[in-house]
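Novice: Assemble chains B and C onto chain A, guided by the hints.
Protein chains in written order, with the numbering used here: chain A, 1 to 261; chain B, 262 to 542; chain C, 543 to 827.
The hints are simulated quantities; they were obtained by calculation from the structure and are not laboratory data.
Be aware that a few hints might be false.
Only pairs whose alpha carbons sit at most 25 Å apart, straight line, appear in this in silico SDA-like list of lysine to any residue [claimed, not checked]: (1) C:639 x B:533; (2) C:723 x A:84; (3) A:87 x C:707; (4) A:103 x C:737; (5) A:103 x C:634; (6) A:125 x B:273; (7) A:103 x A:201; (8) B:359 x C:814; (9) C:639 x B:506; (10) A:92 x B:359; (11) C:641 x B:276; (12) B:267 x C:707; (13) C:549 x B:436; (14) C:639 x B:277; (15) A:87 x B:276; (16) C:723 x B:280; (17) C:736 x B:268; (18) B:361 x C:724; (19) A:120 x B:265; (20) A:152 x C:736; (21) C:641 x B:533; (22) B:359 x C:560; (23) A:103 x C:707; (24) A:125 x B:265; (25) C:728 x A:133; (26) B:439 x C:544; (27) A:148 x C:712; (28) C:723 x B:277; (29) C:723 x A:108; (30) A:87 x B:272; (31) C:641 x A:64.
Ranges between beta-carbon positions, derived for each pair [as the list claims (entries may be wrong)]: (32) B:395 x C:550: 34 to 42 Å; (33) B:291 x A:26: 30 to 38 Å; (34) A:190 x C:647: 27 to 35 Å; (35) B:332 x A:22: 27 to 35 Å; (36) B:299 x A:26: 37 to 45 Å.
A few chain C residues that face chain A, going by a derived Cβ cut-off under 8 Å, partial list only [said to hold, decoys possible]: (37) 719; (38) 722; (39) 725; (40) 784.
Where is the CB? At the ideal position from N, CA and C, for every residue including glycine.
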Amino acid sequence: MATIIEINKEKALEVKNFEFTYAGADTPSVKKLSMPVAKHNITALIGPSGCGKTTLLRSFNRMHDLYPNNKYSGEIIFKDRNILTSKEDLIKLRIQIGMIFQKPTAFPMSIFDNVAYGLKLQGIKNRTELSTRVEKALKDAAIWNEVKDRLKHDANGLSGGQQQRLCIARAVAVEPEVLLFDEPTSALDPISTAGIEELIVELRERVSIIIVTHNMQQAARVSDYTGFMYLGELVELGRTEEIFVTPKERLTEEYITGKFG
Amino acid sequence: MTHTQKRIIINDIVMALSTLSALIGMGFLFWILSVLIINGIDALSMSIFLNEGAPPGNSDGGLKHALIGQLYLVGYASFFGIPLGVLAGTYLSEYSQKSKVAEIIRDISDIMMSAPSIVIGAFVYAVVVAPFGHFSGWAGTIALSIIMLPIILRTTDDMLQLVPSTLREAAFALGAPKYKVIVQVVYRGAKAGILTGILLGVARVAGETAPLLFTSFNDNFLNTDMSQPMASLTVTMYNYATSPYEDWQKLGWAAAFILSMFILTLNILGRVFLLKKRGKR
Amino acid sequence: MNIFIDKFFANTTRFIAFGILLLVAWIFTVLFEHSLESIKAFGFLFITEDKWAPNLEKFGALPAIYGSVISTFLAMILAVPLAIGVAIFLSEIAHAKLKAPVGVSIELLAAIPSVVYGMWGLFYFVPIIRDIFGGVGISMLSAGIVLSVMILPFMAAITRDAMNTTPDILKESAYALGGTKWDVVKDIIIPYAKAGIIGSFILALGRAIGETMAVTFVMGNVHKISIDLTQPATSIPVTLANEFAEADSALYYSSLFELSLLLLVVSFTIISVAKFYFLRRKRVI
Chain A
1 MATIIEINKE
11 KALEVKNFEF
21 TYAGADTPSV
31 KKLSMPVAKH
41 NITALIGPSG
51 CGKTTLLRSF
61 NRMHDLYPNN
71 KYSGEIIFKD
81 RNILTSKEDL
91 IKLRIQIGMI
101 FQKPTAFPMS
111 IFDNVAYGLK
121 LQGIKNRTEL
131 STRVEKALKD
141 AAIWNEVKDR
151 LKHDANGLSG
161 GQQQRLCIAR
171 AVAVEPEVLL
181 FDEPTSALDP
191 ISTAGIEELI
201 VELRERVSII
211 IVTHNMQQAA
221 RVSDYTGFMY
231 LGELVELGRT
241 EEIFVTPKER
251 LTEEYITGKF
261 G
Chain B
262 MTHTQKRIII
272 NDIVMALSTL
282 SALIGMGFLF
292 WILSVLIING
302 IDALSMSIFL
312 NEGAPPGNSD
322 GGLKHALIGQ
332 LYLVGYASFF
342 GIPLGVLAGT
352 YLSEYSQKSK
362 VAEIIRDISD
372 IMMSAPSIVI
382 GAFVYAVVVA
392 PFGHFSGWAG
402 TIALSIIMLP
412 IILRTTDDML
422 QLVPSTLREA
432 AFALGAPKYK
442 VIVQVVYRGA
452 KAGILTGILL
462 GVARVAGETA
472 PLLFTSFNDN
482 FLNTDMSQPM
492 ASLTVTMYNY
502 ATSPYEDWQK
512 LGWAAAFILS
522 MFILTLNILG
532 RVFLLKKRGK
542 R
Chain C
543 MNIFIDKFFA
553 NTTRFIAFGI
563 LLLVAWIFTV
573 LFEHSLESIK
583 AFGFLFITED
593 KWAPNLEKFG
603 ALPAIYGSVI
613 STFLAMILAV
623 PLAIGVAIFL
633 SEIAHAKLKA
643 PVGVSIELLA
653 AIPSVVYGMW
663 GLFYFVPIIR
673 DIFGGVGISM
683 LSAGIVLSVM
693 ILPFMAAITR
703 DAMNTTPDIL
713 KESAYALGGT
723 KWDVVKDIII
733 PYAKAGIIGS
743 FILALGRAIG
753 ETMAVTFVMG
763 NVHKISIDLT
773 QPATSIPVTL
783 ANEFAEADSA
793 LYYSSLFELS
803 LLLLVVSFTI
813 ISVAKFYFLR
823 RKRVI
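Only chain A is shown next, with the shape it has when bound in the complex:
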């Protein structure tokens, strides 16, 4: 049915027969989905709105658990264990699998404190260690030069693009193994978008990345693998250049050529 590429590299995550049903819904929003996520690669998830791509993404860090009565089934394997069990330590999981949201989400605190937030949650109190790691994270997120003189300023004074890079800095500061990007540029202008895309590509060196995007060009520009989802199912997963040039599924071809969506 679906065409899922075999990945012979090391895997960051492996989804097996995964289903997700929202509280009160009759039918699952993600259906019997299986896919590998290659380590230190960028996997993009595309598809028309309502196809379940964001729902899938928010399952990797169990974000759905914030709201009651959502149901998971199947498995998501991360570091040799199924993270969907009830004994999974969600706090630890979310430190290891970070997330960037559709809109910049600068916390109501200073730039420094924003980046240090995750570190402080882990109990790091030493000022010098905090400073070093905040500086490193800001450099990794390519925003250090813009903010180094105003670390004590309120983070909400930054522009949208800067805030989004600050959020990336905040996420990489805790050194996660996987980063989830949920349409990270949908609220940004084209120039900021280009900057964020560049940054995502660079981050691949350090983390495995899954990015949900409504923008096919973005998927083509940044990702190594692309998965096309439709009506809760994964229709096709393959190397990005193959998906966009020689898709195996007719549905994929129709979507990327703009026949629907």
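Specialist: Just chains B and C now, with coordinates in the frame of chain A:
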């Protein structure tokens, strides 16, 4: 113990405390509610609606005088307060919008909504009771209308502003004069919201006691002459409850029950209207 | 014809709207005028003198002011932590199925007239205070506690509304970094909604200080300053409620008017601070 474990423990403690305070809060409130219902139902009987006040020791006293007095006071207060409030709200929303004066009127009304109602009683005492030389139903009504006015004004203002301007423009485009646009189109569009505001406003003044203590005062017998002191459920409740006589206290509970049910019904109705409207959109 | 009606309608609404401003100004003027005699007679002694003796024509408002301050303060220190707890419970802990019914019943309880709270206090709460602390039970302590129960629903409801203004995505971001509920509440929600939360408390304070009926039942109207909270006391609204209809001299009336004016000015100020400094204007319903 790692830092994260510590965080989890602190979290559990705080969440338990929050739940506990919610339980304590709800516990108190349900205590009050059950006291009200148990005593109220126990004290209810037909004679309450049929008989007027009776001297203590006389077990067939009723609340007819207070119920009717209450209807007069709140009825007249609504008769004045509602149209005045709606018209003033209309001015704010339809004629002056964001002008400086409109903002000041809104601010002052907001403050008046939370200002102590007993002070309004003192004011009405000075301008109505003292010049006429005696307490009267009119004085109580005036105090209640003053309290009701800002509530109706602000809800009307808010609800009219929710009516989409395209609706107004469409009506203007048909050549309707402004007052007709307002009365026939804008009011109609905001009907549910204005009604909710009115219900909440009436509910609010129906429970007022303090401004009536020295305006409409009280009367232990039925009086429908607005120029004379007049009984109200609230003041009767206060007088009966603080009296040492058991049958009067019982009547006090009956009054409390009837009044609270009336006010809760108005509040629930108001919510239902608003929900229905939101549901439609 | 239409033009005439149009003008008439517009002018009527304007006239009434401006009438509100005149009315409020009139209220202040009338209260001030009627206070003049007392202001002339006592000056500042009115608020610093602790002897309130109508039979001697001596009116010192300090006991009433003291009672207003202490009973409101007691009510606030009891109600604020409970209100925060209830608000956290409603916005972050409660199951979706519980949120709406608990939230609505709290709002409905805020609508129950204060005279009912007072009655409950007199018949059910005062005896408990009497059993625990001795004395008559009618006391400053009872007044403070009944007042706190009275303002709790209002305070909890508007504190919850303030907390709910925090965007979900912001909270999710903190959870995504491994935050617990409490981390999110203290680091994200409270800082984000700080102004609104403080505004809610001050608004509740403004209401509490002018609240009459809930305390009149249980305070006793005794013009005596006592450190002992289990003693009967009085407050400005309690004095007004008890004595206004019975005052028998011009100076007595004038003193009561001065108390009213004082109460109006204080609550006007407190509510204005809450409104203008902390709360942006919100819809009334």
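Novice: With reference to the structure, classify each hint as holding or not holding.
Specialist: Against the structure, the hints come out as follows:
1. C:639 x B:533: Distance ~19 Å between residue 639 (chain C) and residue 533 (chain B) Cα, so the pair holds.
2. C:723 x A:84: Status holds; Cα separation ~20 Å.
3. A:87 x C:707: Measuring from Cα to Cα gives roughly 32 Å; hence the hint is violated.
4. A:103 x C:737: holds, 23 Å
5. A:103 x C:634: Holds. Residue 103 (chain A) to residue 634 (chain C) sits at ~22 Å (cutoff 25 Å).
6. A:125 x B:273: Within the cut-off at roughly 22 Å; holds.
7. A:103 x A:201: holds, 20 Å
8. B:359 x C:814: Holds, at roughly 20 Å.
9. C:639 x B:506: violated, 45 Å
10. A:92 x B:359: violated, 51 Å
11. C:641 x B:276: holds, 15 Å
12. B:267 x C:707: violated, 29 Å
13. C:549 x B:436: holds, 16 Å
14. C:639 x B:277: It holds: about 19 Å lies between the C-alpha atoms, which stays within 25 Å.
15. A:87 x B:276: holds, 20 Å
16. C:723 x B:280: holds, 13 Å
17. C:736 x B:268: holds, 23 Å
18. B:361 x C:724: violated, 42 Å
19. A:120 x B:265: Measuring from Cα to Cα gives roughly 10 Å; hence the hint holds.
20. A:152 x C:736: holds, 19 Å
21. C:641 x B:533: holds, 18 Å
22. B:359 x C:560: holds, 15 Å
23. A:103 x C:707: holds, 16 Å
24. A:125 x B:265: holds, 13 Å
25. C:728 x A:133: holds, 23 Å
26. B:439 x C:544: Measuring from Cα to Cα gives roughly 9 Å; hence the hint holds.
27. A:148 x C:712: Roughly 24 Å between the alpha carbons, so the hint for residue 148 (chain A) and residue 712 (chain C) holds.
28. C:723 x B:277: Roughly 12 Å between the alpha carbons, so the hint for residue 723 (chain C) and residue 277 (chain B) holds.
29. C:723 x A:108: holds, 17 Å
30. A:87 x B:272: With a Cα-Cα distance of about 18 Å, the restraint between residue 87 (chain A) and residue 272 (chain B) holds, given a limit of 25 Å.
31. C:641 x A:64: holds, 18 Å
32. B:395 x C:550: 34 to 42 Å: holds, 38 Å
33. B:291 x A:26: 30 to 38 Å: holds, 36 Å
34. A:190 x C:647: 27 to 35 Å: Check failed, 50 Å falls outside 27 to 35 Å.
35. B:332 x A:22: 27 to 35 Å: violated, 50 Å
36. B:299 x A:26: 37 to 45 Å: holds, 44 Å
37. 719: holds, 4 Å
38. 722: Constraint on residue 722 (chain C) satisfied, holds at 7 Å.
39. 725: For residue 725 (chain C), the interface hint holds, since the closest Cβ of chain A sits about 6 Å away, which is under 8 Å.
40. 784: Cβ of residue 784 (chain C) sits 47 Å from chain A, so the hint is violated.
Consistency with the previously given hints fails for numbers 3, 9, 10, 12, 18, 34, 35, 40, ordered from lowest to highest.
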